[in-house]
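Build out the structure end to end from the sequences listed, making use of the hints.
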Amino acid sequence: MSDNKTFTLDSKVIEFQDGDTIMDAALRAGAYIPHLCHNPEFEPHGSCRVCIVGVNGRRVSACTQPVTEGLQVDSNSAAINEERRALLQMLFVEGNHVCPACEKSGACQLQAVAYYAGMLEPHFTHFFPRRSVDASHADIAIDFNRCILCELCVRASRDMDGKNVFSIAGRGVGSHLVVNSPTGKLVDSDFSASDKAAQVCPVGAILHKHRGYDRPIGERLYDRQPISVVGDVAAQDDKDHG
Amino acid sequence: MDPVEHISDFIEQLTAADGNGPEQLLQHLCHIQQRYSFIPGEAVDLLSARLSVPASTIKGVIGFYAFLHDKARGDFDILFSDSITDHMLGSRELVHSLCRRLGVELGVPRADGRVTVDLTSCTGMCDQGPAMLVNGIAVTGLDQARIETIGGLIDSGTRSEQWPGEFFRVSDNIQRRDLMLDSTISEGSALRALLNGDSDKMLDELDRSALRGRGGAGFKTATKWGFCRAAPGQQRYVVCNADEGEPGTFKDRILLNSYADEVFEGMTLCAGVIGASQGYLYLRGEYRYLLEPLHNVLQRRRQAGLLGRNILGRDGFDFDITIHLGAGAYICGEESSLIESLEGKRGIPRKRPPFPVTSGFQNQPTVVNNVETFVAAAQIAAYGADWFRAVGTAQSTGTKLLSISGDCTRPGIYEYPFGVSIAEVLQDCGGGDAQAVQVAGAAGSTLPPGDFDRIIAFEDVATGGSFMVFNQQRDMLDAVQNFAHFFAHESCGFCTPCRVGGTLLKDLVDKVHAGRGTEYDLQQMREIGGLMRLASHCGLGTTAPNPVLDTLDKFPAIYRSRLCDSGYEPAFDLDAALQAARQISGRDRSSAPGETDT
Chain R
0 MSDNKTFTLD
10 SKVIEFQDGD
20 TIMDAALRAG
30 AYIPHLCHNP
40 EFEPHGSCRV
50 CIVGVNGRRV
60 SACTQPVTEG
70 LQVDSNSAAI
80 NEERRALLQM
90 LFVEGNHVCP
100 ACEKSGACQL
110 QAVAYYAGML
120 EPHFTHFFPR
130 RSVDASHADI
140 AIDFNRCILC
150 ELCVRASRDM
160 DGKNVFSIAG
170 RGVGSHLVVN
180 SPTGKLVDSD
190 FSASDKAAQV
200 CPVGAILHKH
210 RGYDRPIGER
220 LYDRQPISVV
230 GDVAAQDDKD
240 HG
Chain Y
0 MDPVEHISDF
10 IEQLTAADGN
20 GPEQLLQHLC
30 HIQQRYSFIP
40 GEAVDLLSAR
50 LSVPASTIKG
60 VIGFYAFLHD
70 KARGDFDILF
80 SDSITDHMLG
90 SRELVHSLCR
100 RLGVELGVPR
110 ADGRVTVDLT
120 SCTGMCDQGP
130 AMLVNGIAVT
140 GLDQARIETI
150 GGLIDSGTRS
160 EQWPGEFFRV
170 SDNIQRRDLM
180 LDSTISEGSA
190 LRALLNGDSD
200 KMLDELDRSA
210 LRGRGGAGFK
220 TATKWGFCRA
230 APGQQRYVVC
240 NADEGEPGTF
250 KDRILLNSYA
260 DEVFEGMTLC
270 AGVIGASQGY
280 LYLRGEYRYL
290 LEPLHNVLQR
300 RRQAGLLGRN
310 ILGRDGFDFD
320 ITIHLGAGAY
330 ICGEESSLIE
340 SLEGKRGIPR
350 KRPPFPVTSG
360 FQNQPTVVNN
370 VETFVAAAQI
380 AAYGADWFRA
390 VGTAQSTGTK
400 LLSISGDCTR
410 PGIYEYPFGV
420 SIAEVLQDCG
430 GGDAQAVQVA
440 GAAGSTLPPG
450 DFDRIIAFED
460 VATGGSFMVF
470 NQQRDMLDAV
480 QNFAHFFAHE
490 SCGFCTPCRV
500 GGTLLKDLVD
510 KVHAGRGTEY
520 DLQQMREIGG
530 LMRLASHCGL
540 GTTAPNPVLD
550 TLDKFPAIYR
560 SRLCDSGYEP
570 AFDLDAALQA
580 ARQISGRDRS
590 SAPGETDT
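Chains as they are written, first to last, in numbering that gives the first Met the number 0: chain R, 0 to 241; chain Y, 0 to 597.
What the hints contain is simulated information worked out from the structure, not anything from laboratory work.
The C-beta atom is built at its ideal place from N, Cα and C for all residues, glycine as well.
One thing to keep in mind: the hints can contain errors.
Reference excerpt, derived from the structure (chain R facing chain Y, CB under 8 angstroms, subset only) [what the hints assert, rightly or not]: (1) Pro43; (2) Ser46; (3) Ile51; (4) Thr63; (5) Pro65; (6) Ala85; (7) Met89; (8) Asn163; (9) Val172; (10) Ser174; (11) Asn179.
If you want it as structure tokens, here you go:
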């Protein structure tokens with residue numbers, strides 16, 4: 000133990016390996032730092048900013064920041080949790096997230112992180128964007144209202160499936176997920192329900208058809224225990240289907 | 000108009016001339032946009048096949064850059080500069096006047112497909128505005144008479160190339176010269192200084208000069224070049240950031256117009272020091288009119304043996320420079336976004352580390368410096384570190400170019416030794432009636448008269464060069480509103496706080512500006528702005544709330560004078576929303592249930 004390099008996350012001393020980010024080391028040690036766009040199977044992205052932590056008086060995203068020996072990292076402080084709550088509220092008002100009407104409710108990472116961070120209301124003025132649903136594909140539906148632009152499907156399709164089914168178009172608040180097909184519809188792409196990109200959505204944007212509510216409310220992923228104990232949606236899906 | 004060849008032939012020509020690499024995507028799109036006034040769907044499919052880039056990725060690039068369109072803009076694509084300084088010169092009245100004259104709605108192509116009139120972020124002509132771009136080329140000094148003439152030229156279908164030459168005149172407008180602008184170097188003298196010694200000596204000299212990056216961040220140039228030279232890589236690159244998009248900045252325009260040799264000499268010097276054989280000048284799309292003159296300078300330098308193979312006869316000193324055009328994205332002034340854009344992609348800032356000096360263009364060690372920095376480096380090589388550090392302050396050696404615009408009698412370019420006070424600058428430019436100065440652009444700071452004794456220097460008021468003056472008659476909330484809209488428009492959309500926070504902030508400023516804001520809204524602005532500053536992914540997001548946060552502290556009256564008495568007001572205006580329904584039903588507000596006033 001004494002030979003290994005360590006840093007401190009809040010008051011917990013954690014070992015790390017060369018090349019680790021703060022998130023890598025924390026995940027390996029079972030220490031939870033809230034996150035949405037990060038999935039350890041993919042290159043870190045750093046866009047949702049929910050994993051911000053305090054390092055040397057600055058905020059950095061834990062998923063992209065390399066660890067150094069003896070680093071003091073603040074994560075579970077009142078100030079940082081409040082900042083995370085505001086970031087989550089921003090994600091909620093930017094899209095149309097109607098939890099009671101969403102099939103993913105109870106097994107949604109956005110919802111679970113929001114509960115974990117103590118978010119009780121959306122707080123900011125809703126944007127109410129007009130976004131569509133793409134139900135053209137036989138096995139998968141995409142509800143763009145719920146997309147949080149984490150780009151996990153973009154990364155999975157590009158880096159693992161080798162298909163480049165998804166891209167981000169637009170700029171600023173007009174940024175949005177698009178499907179790479181002549182019509183822009185999923186059915187006209189070479190997407191398949193067995194693609195990695197179909198398994199990584201942390202919210203209810205990419206949904207598998209024909210198995211709605213196969214697990215009842217009350218028995219869902221985050222119904223009994225918080226996300227800090229249960230872990231990510233994608234990791235759970237791997238256990239279920241992998 | 001010339002008969003337009005088939006799009007496939009045009010793309011054939013483009014790829015034959017510039018290649019099939021995916022990094023050429025943005026440049027090809029710029030050419031297609033310029034030729035056809037939009038990117039036809041067929042062009043997307045053809046490029047997708049030729050460059051092996053997914054069609055959705057190409058559409059993503061088109062959607063990212065403000066100057067690229069997927070629908071035809073027509074024979075005349077007109078973009079009015081929408082900077083606050085253009086507003087102050089009456090640009091909005093001129094925009095509406097031209098729209099009326101042409102019978103067009105702002106931002107919507109006219110039904111006959113001839114013309115589109117729209118707005119764009121600051122075009123860098125603030126000292127000779129109001130300004131616009133016609134088919135990408137800058138038009139300055141707009142007034143009502145010029146707008147009338149332009150309306151007539153468009154009606155008669157006169158190609159913009161045949162419009163009166165004086166419309167396109169852009170003057171350097173240098174009002175004060177100091178060390179840099181007074182000291183042109185003879186061609187090749189900086190490179191000869193390098194070849195007379197070695198790159199270690201040159202780095203020492205640069206280090207001794209204490210030159211710091213002129214973009215505003217102030218990183219030491221010798222350190223940056225030294226890091227890049229030491230970083231492992233197959234290739235090294237020199238990139239000149241000529242994407243000056245900060246509202247109110249136009250000093251690079253002058254350097255690129257009249258000191259291009261010094262710019263290229265500085266880049267070549269850097270190449271010699273770090274061991275690069277390829278350089279890029281990233282030219283903002285708004286300066287397209289400079290493209291041809293710059294190509295001519297490059298060609299002359301190649302013929303003079305100052306670029307190309309074996310520069311100045313030195314075996315193995317090979318370096319050349321390619322100019323890449325931007326396409327209307329402020330974020331590309333951020334160095335890692337600029338590199339993404341150079342690679343033909345959407346200009347999303349990279350995560351750091353790694354920094355460009357170790358992993359930049361094509362993931363190779365890359366130096367990215369500001370135009371002014373390269374000029375200073377070339378002059379230091381030619382005249383020595385002592386010459387340079389004789390002026391300025393201990394921590395900020397040399398001089399700084401300021402782009403001065405707004406309420407002053409003599410706008411233009413002013414060069415001062417670092418350490419000059421705001422008050423002295425105001426006196427020189429005829430801005431004695433200032434209630435505020437916005438230094439370093441929209442992302443900079445708003446200084447009230449109490450701060451006018453502060454100095455321009457990295458250790459006090461740091462700036463890339465923008466200096467906008469606001470007189471006592473101005474409503475500073477107009478400026479705040481303009482900046483808030485600018486940042487919401489220019490956010491790349493990658494990270495949550497900037498993408499969502501920027502729009503929330505803009506909406507709140509609008510609400511206060513409309514007289515519907517409350518104390519609660521001001522508190523919200525502080526919270527949102529504070530979070531953007533702390534948590535954003537890049538410098539755009541962290542500085543975007545500056546104008547709001549700064550003025551909340553230093554100019555509270557501009558907000559307070561507009562607040563409603565109530566503790567809370569909805570952003571939603573019920574009366575406005577009901578107006579159409581009331582018109583149709585023939586009822587007015589007085590007949591509404593529960594309404595007591597008349």
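**Request:** Answer holds if the nearest beta-carbon of chain Y is closer than 8 angstroms to that of Pro43/R; otherwise answer violated.
**Result:** Because about 7 angstroms separates Pro43/R from the closest Cβ in chain Y, which is inside the 8 angstroms limit, the hint holds.
**Message:** The hint names Pro65/R as touching chain Y; please verify it with the least Cβ-Cβ distance against 8 angstroms.
**Reply:** Because about 7 angstroms separates Pro65/R from the closest Cβ in chain Y, which is inside the 8 angstroms limit, the hint holds.
**Request:** So, Ser46/R near chain Y? Judge it on the closest CB pair being under 8 angstroms.
**Result:** 5 angstroms, holds
**Request:** Return the status of the interface hint for Ala85/R: holds when the least beta-carbon distance to chain Y is below 8 angstroms, violated otherwise.
**Result:** 5 angstroms, holds
**Prompt:** Can Ile51/R be said to touch chain Y, with a Cβ gap under 8 angstroms?
**Reply:** Because about 5 angstroms separates Ile51/R from the closest Cβ in chain Y, which is inside the 8 angstroms limit, the hint holds.
**Asked** Quick one, is the Met89/R hint okay against chain Y at 8 angstroms, beta carbons?
**Response** For Met89/R, the interface hint holds, since the closest Cβ of chain Y sits about 4 angstroms away, which is under 8 angstroms.
**Asked** Does the CB of Asn163/R sit less than 8 angstroms away from some CB of chain Y?
**Response** 4 angstroms, holds
**Item:** Cut-off 8 angstroms, beta-carbon criterion: hint that Ser174/R touches chain Y
**Value:** With a closest approach of 3 angstroms, the Ser174/R hint holds.
**Asked** Taking the least C-beta to C-beta distance, is Val172/R closer than 8 angstroms to chain Y?
**Response** 5 angstroms, holds
**Asked** Does Asn179/R meet its interface restraint, that is, does its C-beta lie within less than 8 angstroms of any C-beta in chain Y?
**Response** 3 angstroms, holds
**Message:** Take the shortest C-beta to C-beta distance between Thr63/R and chain Y; is it under 8 angstroms?
**Reply:** 4 angstroms, holds
Going down the numbered hints, you'll see the structure goes against none, and every one checks out.
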